[in-house]
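J.: Sequence:
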Amino acid sequence: MTMTLIKPPALEPVTLAEVRQFLRLDNDGEDALLTGLIKAARETLEVQTGLALIDQTWRFYADSWPKSGVVRIAKYPVRSVVAVTAYIEDGMPVSIAGHDLHLSGYARPARLYLAARSRPVQPLSGLEIDFVAGFGETGNEVPDALRHAIMTLVAHWYEFRGVYGAAQQPVSYPPAFERAIGLWRRVSL
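Taking my numbering, the leading residue of the sequence shown gets 0, the next gets one more, and so forth.
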């Protein structure tokens, strides 16, 4: 089971102005650097936690229907299912109707129950689920602790840039970042 990002978030959870204020910067000479650091910090947080902060569209691939009818999607939170396609006869795509789907998107992992199931014939990636994941369309809908974690990581990277070579990055994460995202990390037993 794999996932591919189809449509990235339209904006970042924190603005350049918020980061400049957090860093107490008055000039705009390093805005390009800060913009890149904001994006990298968001991506780092999302990879480490399995979260999608701002609405983004993903495609989930599975080889077959689970016997239980429940597909587990590791991205959180799943706000909606856009499309479900099964590749059955001769690789022909068959769209699954919305009334056959039941989403529990705020469970972790999200669960999608497929009421009427046709078994995909295509042996690999015979099932595609397109979904929107994220806390909302703007940074205001992202939990404050996660927004603060991004700003803390941006500040850390900004302060320690050039101290270590590119091959040595990331050297560390600040403890405040680790604590802020700790509650959001998925832990496997």
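Hints may contain errors.
[Said to hold, decoys possible] So the derived label-pair ranges between C-beta atoms look like this:
# : residue 1 : residue 2 : range
1 : Y157      : G90       : 48 to 56 Å
2 : G28       : A114      : 34 to 42 Å
3 : P142      : K38       : 16 to 24 Å
Calculated from the structure, these hints are not laboratory results. Think of the CB as a built atom: it goes at the ideal place given N, C-alpha and C, for glycine as much as any other residue.
J.: State for each hint whether it applies.
T.: Hints versus structure:
Checked against the given bound of 48 to 56 Å, the beta carbons of Y157 and G90, roughly 50 Å apart, stay inside it. A C-beta distance of roughly 57 Å is found between G28 and A114, which places it outside the suggested range of 34 to 42 Å. Between P142 and K38, the C-beta spacing of about 19 Å keeps the proposed range 16 to 24 Å intact.
Of the hints listed earlier, the one the structure fails to meet is number 2.
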